[in-house]
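Engineer: One letter stands for each residue in the lines below.
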Amino acid sequence: MVTGDPTAPLLQMHGIVKHFPGAKALDGVDLDVVAGEVHCLLGQNGAGKSTLIKVLAGAHQPTAGTIRLDGEQIRIPHPVAALEHGIATMYQELDVVDGLTVAENIYLGHELASAGFTQRREAAGHTRRLMERLGHPEIGPHREVGTLSAAGKQIVSMARALSRDARVIVMDEPSAVLDSGEVDNLFRVVEELTGQGIAIIYISHRLEEIRRIGDRITVLKDGMTVGRNLPVASTSTDELIKLMTGKNVEYAFPERPGVPRDAPVRLEVEGLGLANTFRDVSFTVRAGEIVGLAGLVGSGRSEILETVYGARRATAGRITLDGRSLRRGSVAAAVSAGIGLAPEERKSQGLVLDEPVYRNVTLASFARMAPAGWLDERAEKKAAREQATALDLRPRDVERAIRTLSGGNQQKAMLARWLVHGCDVLLLDEPTRGVDVGARSEIYALIRRLADAGTAVVVVSSEIPEVLGLADQVLVVSDGRVVRSGPAQEIDEHQVLDLVMEGTSA
Amino acid sequence: MTEPTAAPPADKEIKNESRTRLPSMFSGAAGRNVGLVLALVLICVVGVITGGGRFASIDNLMVVLRLASVIGVLAIGMTFVITSGGIDLSVGSVMGLTTVWATTWATQAMAEDLHWGVMVFTAMVVGTVAGLVNGVIIAYGRVVPFITTLAMLAAARGLAEMISNRQTQRVQSDAFIEFFRLEPLGVPILVWVFAAVAVAGWFLLNRTTFGRRTVAIGGNAEASRLAGIKVQRHTLYIYGLAGLTAGIAGAMMLGRTTAGTSTHGMLWELEAIAAVVVGGTLLIGGRGTIVGTVVGVLIFTVLTNVFTINNMSTSAQLVAKGAIIVAAVLLQQRFANRSKST
Numbered sequence: 001m002v003t004g005d006p007t008a009p010l011l012q013m014h015g016i017v018k019h020f021p022g023a024k025a026l027d028g029v030d031l032d033v034v035a036g037e038v039h040c041l042l043g044q045n046g047a048g049k050s051t052l053i054k055v056l057a058g059a060h061q062p063t064a065g066t067i068r069l070d071g072e073q074i075r076i077p078h079p080v081a082a083l084e085h086g087i088a089t090m091y092q093e094l095d096v097v098d099g100l101t102v103a104e105n106i107y108l109g110h111e112l113a114s115a116g117f118t119q120r121r122e123a124a125g126h127t128r129r130l131m132e133r134l135g136h137p138e139i140g141p142h143r144e145v146g147t148l149s150a151a152g153k154q155i156v157s158m159a160r161a162l163s164r165d166a167r168v169i170v171m172d173e174p175s176a177v178l179d180s181g182e183v184d185n186l187f188r189v190v191e192e193l194t195g196q197g198i199a200i201i202y203i204s205h206r207l208e209e210i211r212r213i214g215d216r217i218t219v220l221k222d223g224m225t226v227g228r229n230l231p232v233a234s235t236s237t238d239e240l241i242k243l244m245t246g247k248n249v250e251y252a253f254p255e256r257p258g259v260p261r262d263a264p265v266r267l268e269v270e271g272l273g274l275a276n277t278f279r280d281v282s283f284t285v286r287a288g289e290i291v292g293l294a295g296l297v298g299s300g301r302s303e304i305l306e307t308v309y310g311a312r313r314a315t316a317g318r319i320t321l322d323g324r325s326l327r328r329g330s331v332a333a334a335v336s337a338g339i340g341l342a343p344e345e346r347k348s349q350g351l352v353l354d355e356p357v358y359r360n361v362t363l364a365s366f367a368r369m370a371p372a373g374w375l376d377e378r379a380e381k382k383a384a385r386e387q388a389t390a391l392d393l394r395p396r397d398v399e400r401a402i403r404t405l406s407g408g409n410q411q412k413a414m415l416a417r418w419l420v421h422g423c424d425v426l427l428l429d430e431p432t433r434g435v436d437v438g439a440r441s442e443i444y445a446l447i448r449r450l451a452d453a454g455t456a457v458v459v460v461s462s463e464i465p466e467v468l469g470l471a472d473q474v475l476v477v478s479d480g481r482v483v484r485s486g487p488a489q490e491i492d493e494h495q496v497l498d499l500v501m502e503g504t505s506a
Numbered sequence: 001m002t003e004p005t006a007a008p009p010a011d012k013e014i015k016n017e018s019r020t021r022l023p024s025m026f027s028g029a030a031g032r033n034v035g036l037v038l039a040l041v042l043i044c045v046v047g048v049i050t051g052g053g054r055f056a057s058i059d060n061l062m063v064v065l066r067l068a069s070v071i072g073v074l075a076i077g078m079t080f081v082i083t084s085g086g087i088d089l090s091v092g093s094v095m096g097l098t099t100v101w102a103t104t105w106a107t108q109a110m111a112e113d114l115h116w117g118v119m120v121f122t123a124m125v126v127g128t129v130a131g132l133v134n135g136v137i138i139a140y141g142r143v144v145p146f147i148t149t150l151a152m153l154a155a156a157r158g159l160a161e162m163i164s165n166r167q168t169q170r171v172q173s174d175a176f177i178e179f180f181r182l183e184p185l186g187v188p189i190l191v192w193v194f195a196a197v198a199v200a201g202w203f204l205l206n207r208t209t210f211g212r213r214t215v216a217i218g219g220n221a222e223a224s225r226l227a228g229i230k231v232q233r234h235t236l237y238i239y240g241l242a243g244l245t246a247g248i249a250g251a252m253m254l255g256r257t258t259a260g261t262s263t264h265g266m267l268w269e270l271e272a273i274a275a276v277v278v279g280g281t282l283l284i285g286g287r288g289t290i291v292g293t294v295v296g297v298l299i300f301t302v303l304t305n306v307f308t309i310n311n312m313s314t315s316a317q318l319v320a321k322g323a324i325i326v327a328a329v330l331l332q333q334r335f336a337n338r339s340k341s342t
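In the order they appear, the protein sequences are chains A and B.
Here the numbering used here is used: the first residue of the first sequence is 1, the next is one more, and so on.
Here the numbering used here is used: the first residue of the second sequence is 1, the next is one more, and so on.
Each hint should be verified, as a subset may be incorrect.
[Claimed, not checked] Quick list of in silico lysine-lysine cross-link-like pairs, PhoX-like style, CA-CA up to 25 Å: (1) Lys-242/A - Lys-24/A; (2) Lys-381/A - Lys-347/A; (3) Lys-381/A - Lys-230/B; (4) Lys-347/A - Lys-24/A; (5) Lys-347/A - Lys-230/B.
[Stated by the list, open to error] Ranges of calculated distance between the beta carbons of each label pair, as one might list FRET restraints: (6) Pro-257/A - Leu-331/B: 50 to 58 Å; (7) Leu-331/B - Gln-61/A: 29 to 37 Å; (8) Leu-331/B - Gly-323/A: 55 to 63 Å; (9) Ala-155/B - Glu-144/A: 47 to 55 Å; (10) Lys-230/B - Pro-264/A: 43 to 51 Å; (11) Asp-179/A - Gly-141/B: 31 to 39 Å; (12) Phe-117/A - Ala-200/B: 57 to 65 Å; (13) Glu-144/A - Gly-141/B: 23 to 31 Å; (14) Ala-155/B - Pro-21/A: 47 to 55 Å; (15) Lys-230/B - Ala-115/A: 54 to 62 Å; (16) Ala-176/A - Ala-323/B: 47 to 55 Å; (17) Ala-154/B - Gly-434/A: 43 to 51 Å; (18) Phe-20/A - Leu-331/B: 30 to 38 Å; (19) Leu-40/B - His-78/A: 44 to 52 Å.
It is worth saying that the hints were derived from the structure and are not from the lab.
C-beta atoms are modelled at their ideal positions from N, C-alpha and C, and glycine is treated no differently.
Please build the complete structure, drawing on both the sequences and the hints.
Structural biologist: Here it is in structure tokens:
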């Protein structure tokens, strides 16, 4: 392990800037990594971690900034170039092919071959040696990868990196899919790798893990490096959270008018559970109230929403809407009872991208507008235009394909769908994902306006300030359990981060 | 489908607007149909030049339309299936089964007692049931359409052979045969049936909730489900509809050949799929056009006719058909890429 000031960093990223149309994902990031260390990358969702590692992996081209390897400036124009430089990335969704063997996976894309014939024997031999190096000789080269556990697949992915002579391995939340025994194993492998002089860039939300294996920490916030090369041993949790939260980009959150005491309860969720995902979730949403669910990816927050909506069949608990109990596992029943969902993955779960805006807006209500099954497109367009005006949809033209709209306007079209349908309860999963900064405040104001009109709203977000700024009541979800709930004013970002990262209830 | 909207908003979006709207009249759904009609006209011109009066006569036109009508009805049903993102390989053999079932001794005896319409009704019921079986397995059993309908292709053909004992079953009812020989306004009754099915199909796809659901599911099944559309039930209906058109086509086939046999409709599923895809319906679903399908069917039938008039071998005809399918799909992909890149 390396401590002290690194005089000759192995990898140096300096002043990395990355613009996307309408958004600045990275705005001057510095990162120094020395050989043989575990360098932790810390930051909230949207801080720029994924963009940074994609730049390093050659998947994104930086708008500005330099990358040096061994002091020499390099360019990484495409993913293969990254591998050639010895930089390997293990994404959260492991990129192994289930149907191939361990050896075939490891040599995928750089098969050992002679005159076009794969040299299976040699590949198997190399694979055995790699697995021994990683301390997992029990994973044989001819085993089909699909039969391995998530942990086993990670090992294969690491072996692949080593087979490419990687000197820097980026691990994006590798522990998210592992149980605690497997995590121990992973850490042993990481230590072995660093012992051989390989640098690990380790991304995780779990501070305890960082404490266990990390050497130094770089903290990102809003696309900038705010904490540089902090030694793990001497940096307090408090300090780290302060750096991560810092001074936020100020979004204008609408004022909370306060929910009247006598507002009727619209949605009541009691003891809701879904096997292996979450359990014992209870909350109520009154008319005009916004309830926020805060938690990390994988905490169960999105699943809670989808279960309330009937897209997943609850294994325990009750959902009542305006006093009437709701059928389990039926989206159609939920929709006709007046519940609407704006899903997390807008493009794959929410929109029919090649269809015009108005048909996306009326997707939940075209049948109701159609007497005896005959479509009334004029009424549909009229309804869509009214919403387009009310929500300031740009462009106003409701007949163009929704694919051509920006993220923020697509989200408005999703909201318009439920406004046309006339919802009593609106479930919003990551309502500002893919929405650029300027349009966010607009979406927030819109959500508040809907609540003021008597809609009960549930918002899920991994951006904690968003939940705290928007919601009246907040539920903090960690590992499938509600670990804290209360009025938004009584909870601050620091507490929530503490809860979701350390997993201890306060 | 929709006309280009006039008067774009007077802001800076206009630039975007003109870039996404292709300048050519060959863009968009209507443009694709224009292109198809031009292709059809081109084939006709070749026909006139090479065949002269033998091609350009009312009699020959009626021959072509009559030939196009049975496969055309199958293709209308197929258009719905493909628009919804599925495929039905069984329509040809289901059609064969319906011709056999409608001409069994028992059915014909009943038809003699009641009305020859019993045979038509039987064909339609048998086709619909076969389609619904496909639908149940696909929608609720979650077996992919390709495999399910491939199984039905084999099973329906086998069942037809079992029932008919591989014999040709003549239609006994003279009234039935007479009906299918009618030519109201000089146009064969089969062509009228095809026209009626096509018009009904157009309204169903473009003007009803059934059609909207079909397009939505083909475009994004998950989004449709999360918007409250009962995707499984609708999928069942779509395959039922394809079966119904196979039944109608079966009855028409009986009218044309005056006999039911298990060999009717061999490989017709492929001709139907080819016509639909050449017509401009996206094979991945989400966009379908009945007009395109009708023109697609006509293109293939007229082409066959021109080849036949010029005494070209059926083998050469097959090669030409193959080339046309590939060319059409290549063109389609270019359109798809273009719309995605904007």
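Engineer: The structure should be examined with respect to each hint, and the outcome stated for every one.
Structural biologist: So, going through the hints one by one against the coordinates:
Distance hint between Lys-242/A and Lys-24/A is fulfilled; the C-alpha atoms sit about 23 Å from each other, no more than 25 Å. Distance restraint check for Lys-381/A and Lys-347/A: the Cα-Cα separation of roughly 22 Å lies within the 25 Å cut-off, and the hinted pair is therefore satisfied. For the given pair, Lys-381/A sits about 23 Å from Lys-230/B by alpha-carbon distance, which is consistent with the 25 Å threshold. Distance hint between Lys-347/A and Lys-24/A is fulfilled; the C-alpha atoms sit about 22 Å from each other, no more than 25 Å.
Between Lys-347/A and Lys-230/B the alpha-carbon distance is near 20 Å, which keeps this suggested pair within the 25 Å criterion. Hint check: Pro-257/A to Leu-331/B, Cβ distance near 57 Å, so the stated range 50 to 58 Å holds. For Leu-331/B paired with Gln-61/A, a C-beta distance near 33 Å keeps the hint of 29 to 37 Å intact. Between Leu-331/B and Gly-323/A the CB atoms are about 57 Å apart, so this pair conforms to the stated range of 55 to 63 Å.
The given range of 47 to 55 Å is broken by Ala-155/B and Glu-144/A, whose C-beta atoms sit roughly 33 Å from each other. Hint check: Lys-230/B to Pro-264/A, Cβ distance near 30 Å, so the stated range 43 to 51 Å is violated. Asp-179/A and Gly-141/B have their C-beta atoms about 34 Å apart, which keeps the hinted 31 to 39 Å range intact. At roughly 59 Å, the beta-carbon separation of Phe-117/A and Ala-200/B lies within the given 57 to 65 Å, and the hint holds.
For the pair Glu-144/A and Gly-141/B, the supplied restraint of 23 to 31 Å holds, since their beta-carbon distance comes to about 27 Å. A C-beta distance of roughly 53 Å is found between Ala-155/B and Pro-21/A, which places it inside the suggested range of 47 to 55 Å. For Lys-230/B and Ala-115/A, the hinted distance range of 54 to 62 Å is satisfied, since their beta carbons lie about 57 Å from each other. Here the CB-CB span from Ala-176/A to Ala-323/B is close to 51 Å, well matched to the stated 47 to 55 Å.
At about 47 Å, the CB distance of Ala-154/B to Gly-434/A agrees with the hint of 43 to 51 Å. For Phe-20/A and Leu-331/B, the hinted distance range of 30 to 38 Å is satisfied, since their beta carbons lie about 33 Å from each other. Between Leu-40/B and His-78/A the CB atoms are about 45 Å apart, so this pair conforms to the stated range of 44 to 52 Å.
Of the hints listed earlier, those the structure fails to meet are numbers 9 and 10, in rising order.
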